[in-house]
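Chain residues, written in single-letter form:
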Amino acid sequence: MLANFQDQFLSLTFGGLSLGFIYVLIALGYTMVYGVLRMINFANSEVFMYGTFATVVIIRDLFGFTQQSEPATGFRLFYILLICLAGSMFLSGVLSIFLELVAYRRLRNRGSNKLAPLISAIGMSIVLAEFMRILTDSRYVGSPRVMEKSSIATIFGANLRLDNVIVIVCGLVLYLVLQQFVKKTRLGKAIRAVSMNEDSAKLMGVNLNFVVSGTFLVGGLMTGAAGFFYTLKYENTSFSIGFELGIAAFTAAILGGIGNIKGAFYGGISLGLVETYASFFLGTQWKAVTVFLILVVVLYFRPNGVFGEAITQTRA
Amino acid sequence: MSESVLRLENVTMQFGGLVALNDVSFEIKKQEILGLIGPNGAGKTTVFNVITGVYQVTKGDIKFLGKSLKGQKRYKITYGGIARTFQNIRLWGEMTALENVITATDTHKKSGLLSGLFGLPISRKEEKRDKARAQEILDFIGIGEYADRLAKNLPYGVQRRLEIARALGTNPKLLLLDEPAAGFNPAEKVELAKTIRKIRDAGYTVLLIEHDMSLVMGVSDRVVVIDFGQKIADDLPAKVQNDKRVVEAYLGVPDDAS
Amino acid sequence: MFNLRDFGASIWERSDRKMRVLIALSAIAVAAMLPFLGGTFLNTPVADYGSVLVFPVAIFAIMALGLNIVIGKSGLLDLGYVAFFAIGAYTMGLLGTKTSLNTWEILPIGIAMAMFAGLILGVPALRLRGDYLAIITLGFGEIVRITALNLNAIGGANGIIGIPTPPTIFGLEYTFDNHRLYFWTFLIIILLTIWMIRRLSVRRGGRAWESIRQDEDAAELMGVPTFKYKIWAFVLGASVGGAAGVLYASKTLFISPDNFTLQVSILILACVIFGGMGNIWGVILGAVILGYLPDRIRFLSDARLLVFGIVLVLMMNLRPDGILPRKKREKALPAKDSK
Chain A
1 MLANFQDQFL SLTFGGLSLG FIYVLIALGY TMVYGVLRMI NFANSEVFMY GTFATVVIIR
61 DLFGFTQQSE PATGFRLFYI LLICLAGSMF LSGVLSIFLE LVAYRRLRNR GSNKLAPLIS
121 AIGMSIVLAE FMRILTDSRY VGSPRVMEKS SIATIFGANL RLDNVIVIVC GLVLYLVLQQ
181 FVKKTRLGKA IRAVSMNEDS AKLMGVNLNF VVSGTFLVGG LMTGAAGFFY TLKYENTSFS
241 IGFELGIAAF TAAILGGIGN IKGAFYGGIS LGLVETYASF FLGTQWKAVT VFLILVVVLY
301 FRPNGVFGEA ITQTRA
Chain B
1001 MSESVLRLEN VTMQFGGLVA LNDVSFEIKK QEILGLIGPN GAGKTTVFNV ITGVYQVTKG
1061 DIKFLGKSLK GQKRYKITYG GIARTFQNIR LWGEMTALEN VITATDTHKK SGLLSGLFGL
1121 PISRKEEKRD KARAQEILDF IGIGEYADRL AKNLPYGVQR RLEIARALGT NPKLLLLDEP
1181 AAGFNPAEKV ELAKTIRKIR DAGYTVLLIE HDMSLVMGVS DRVVVIDFGQ KIADDLPAKV
1241 QNDKRVVEAY LGVPDDAS
Chain C
2001 MFNLRDFGAS IWERSDRKMR VLIALSAIAV AAMLPFLGGT FLNTPVADYG SVLVFPVAIF
2061 AIMALGLNIV IGKSGLLDLG YVAFFAIGAY TMGLLGTKTS LNTWEILPIG IAMAMFAGLI
2121 LGVPALRLRG DYLAIITLGF GEIVRITALN LNAIGGANGI IGIPTPPTIF GLEYTFDNHR
2181 LYFWTFLIII LLTIWMIRRL SVRRGGRAWE SIRQDEDAAE LMGVPTFKYK IWAFVLGASV
2241 GGAAGVLYAS KTLFISPDNF TLQVSILILA CVIFGGMGNI WGVILGAVIL GYLPDRIRFL
2301 SDARLLVFGI VLVLMMNLRP DGILPRKKRE KALPAKDSK
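Protein chains in written order, with the numbering used here: chain A, 1 to 316; chain B, 1001 to 1258; chain C, 2001 to 2339.
Isolated chain A, as found in the complex:
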């Protein structure tokens, strides 16, 4: 088995990395909101799930692909993928803002007990998942193939699949863009200010509701992108996918230190890799158990995650 592992190590690593970037993007959704509101946005997993469906719908209904269609190539492929990415991000972003307005804003403004927003989030999560379940008749929904999944290159005998490359490259770009956004833009700076100290940010004239909506939007956009990548990579989705991936991504966010953007990055990547390697040895049925055991062990030794909390790294 070990020899086998060595043979497959590189292709496992590529697969793990692309899964890792999907985790990174969902984890960013959790982390952004947590950094600002100190609250677990439980329904972020469903925001992701809707993102995966957006891509399916665009491929299937907008571009009319069927299971028999020829995969697209060249510029047409690039164009289609771009539309899918934009569509998923848009839907998830809007859904995320909507979520905050409906489920959290009222509770936040009246400063109720700590658990109420969480239960409200769980409720929203049930509503969104159930709505999709009824819509899809509890079935898995396949996505027609838009691109050839043959390997584009071979490195040391490992096949480099185009979809994995796209996920990894785009994931990295999105992550870097987000980092610059938080550092450089007005909204990004306001988000950082609120996450450091809500009261003084308010005193300095930051419009809190606006910043919170902005945070949910940005988190939703990242999570939606993850939805697109997921559909591209696995070519099917279902109403329950949010729960499965959401838990893992949240674990990733905590591993790195929730509220910390860099933490989401490293947490997501390492979780994707470890999960892929572990599945190889133990079989996929123990995947979730491995993930949680890692989480427990990490938190036991580093209660604030590997990189600690807080959205900024520039704290004294």
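Read the hints as simulated data drawn from the structure, not as lab findings. Among the clues, some could well be false.
[To be verified] Straight line, CA to CA, 30 Å or less: simulated DSS-like cross-link-like pairs of lysine-lysine:
1) B/K1073 with C/K2228
2) C/K2228 with B/K1076
3) B/K1109 with C/K2228
4) C/K2228 with B/K1131
5) C/K2228 with B/K1070
6) C/K2018 with B/K1128
7) A/K114 with B/K1076
8) C/K2018 with B/K1063
9) B/K1067 with C/K2228
10) B/K1189 with B/K1070
11) B/K1125 with C/K2018
12) C/K2228 with B/K1152
13) A/K114 with B/K1073
Add chains B and C to chain A, keeping to what the hints say.
Okay, now just chains B and C, sitting in the frame of chain A:
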């Protein structure tokens, strides 16, 4: 003569690159009221936090009745005899004033969950005794009539006093007061000064952080001044008031002509 | 606004001891009569009223009471409470089919197993901050389910069949459809649980939990050994969940990992929050409503859970403290103070 209750020995506290306390040493003697003052952000509350075990000191040591507090659990430190109040009031709002104090007296109880479950006599006896004691403390602080009111519904001034009563409930040898007069009007401050002296006269030792100079200078036996995490004075109130470095720390050094 | 909780409490406080015994006894009598209300509009479209009363209603009530110790009393968010229920049920399933022990002998073993699991989970998890506790407990619940699913030694995906009913006592025979007898048995367990919680919540233990729930840091700095009390809350909550599991297995006679999904944890949590965290009567009311309602509204068939989710969101936004919130009232000031 008068023995030392608490001694800070070269305490340094660092948060990453920020040095909050730098080589601070002072001691508090039995039945003394020691005022701890300094400009905003000088590190006063940090002193409280290292004493009560909220932070572990980076360097140096803190000795309470001759024993090091290093590595002790926070509730054990309270059990050992140090109690504090909070600058931003942190009462248990949905308990009555009396319950707030009784919960603090529970520190020294022998009976726990199981003796409560089976209604053992020891539990019943202790309960009765502590209820009476808690009421005594409330009366002593002068807020006895509010015993049955929920803490969150009490007037601001009463809440501040209840913080003190709750800390006394743990039966401390050393009482740490963190800005007990914040938000008080002059009349209330005079009342508070009386209460603090009364507490000392009842045998307690008090470490007081306070912004209000007249209160600190009026009530303290000795005053320690810190600025930028360093001790810059440690003397009788009258002498500290005229100390050049203290005046500079508060008014700013007139050398910013660059 | 009219407050049902305060209304009830003021009647209780005005009554003397004799009156209180009378109130308590009549309440128990009313509860014990519930199974006789079958055949009325209370019947649910598919399931028999009597059986709904046993499961989910009574089982939910026991579990909600147990979870209330953890979340309502000490404020610890446990999203994996189903794990303790599963451990109790599997203890019953395995010992019941493989040994000659009967339900009453297995009950304490099941409780002990659940408490042990609570301790194992609690020691690392309760050192962490509240939000992390939620995710760790959620993970624990999933680990228990996945382990049951993948271990063929304990039935794997097929679960365990042929679990024995409790043995006959006082000539009363527990048959599969003797719902009344099961209901009364569960009622006794509910009453015992209520008694335990009430005894624990007065005096030192109750105050310690209360202070931890409201401000844990302040509690610790006032000398409350917070870690110890959190472990206690966790372990006691687990014990109740384990008991519910043993009884459940001994009633349905068949268990499989599908009975112990995250949905169960969330449903029980919803009972606690919906009814009114920290208030025993609210929690029971929550369990009754949420246990009964989905079966009663089965005509909504597919949209059942959807409606449930909407109700949760609305409820949290309109009445975040539940239907019967915990005591917020103050005692009236003594007469001498009022002029």
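>> Run the distance test for B/K1109 versus C/K2228: straight-line Cα separation, threshold 30 Å.
In response: OK: B/K1109 and C/K2228 at ~15 Å, within 30 Å.
> Holds or violated: are the alpha carbons of C/K2228 and B/K1131 at most 30 Å from each other?
Replying inline: Roughly 23 Å separates the two Cα atoms, so the pair holds.
> Between B/K1073 and C/K2228, is the straight-line Cα distance small enough, at 30 Å or below?
Replying inline: Between B/K1073 and C/K2228 the Cα gap is close to 12 Å, so the pair holds against 30 Å.
>> Hint check: B/K1189 vs B/K1070, CA-CA at most 30 Å. Holds or violated?
In response: violated (35 Å)
>> Can you confirm whether the C-alpha distance between A/K114 and B/K1076 stays at or below 30 Å?
In response: holds (28 Å)
> Holds or violated: are the alpha carbons of B/K1125 and C/K2018 at most 30 Å from each other?
Replying inline: With Cα atoms ~25 Å apart, B/K1125 and C/K2018 stay inside 30 Å; holds.
> Given the hinted pair C/K2018 and B/K1128, is their alpha-carbon gap at most 30 Å?
Replying inline: holds (24 Å)
>> Between the alpha carbons of C/K2228 and B/K1070, is the straight-line distance 30 Å or under?
In response: With a Cα-Cα distance of about 21 Å, the restraint between C/K2228 and B/K1070 holds, given a limit of 30 Å.
>> A/K114 and B/K1073 were given as a pair; does the straight-line alpha-carbon distance stay at or below 30 Å?
In response: holds (27 Å)
> If you draw a straight line from the CA of C/K2228 to the CA of B/K1152, is it 30 Å or shorter?
Replying inline: holds (27 Å)
>> Check whether the Cα positions of C/K2228 and B/K1076 lie no farther apart than 30 Å.
In response: holds (13 Å)
>> So if I understand the rule, the pair passes when the alpha-carbon distance is 30 Å or less; does B/K1067 with C/K2228 pass?
In response: Holds, at roughly 25 Å.
Going through the hint list in order, the structure does not satisfy hints 8, 10.
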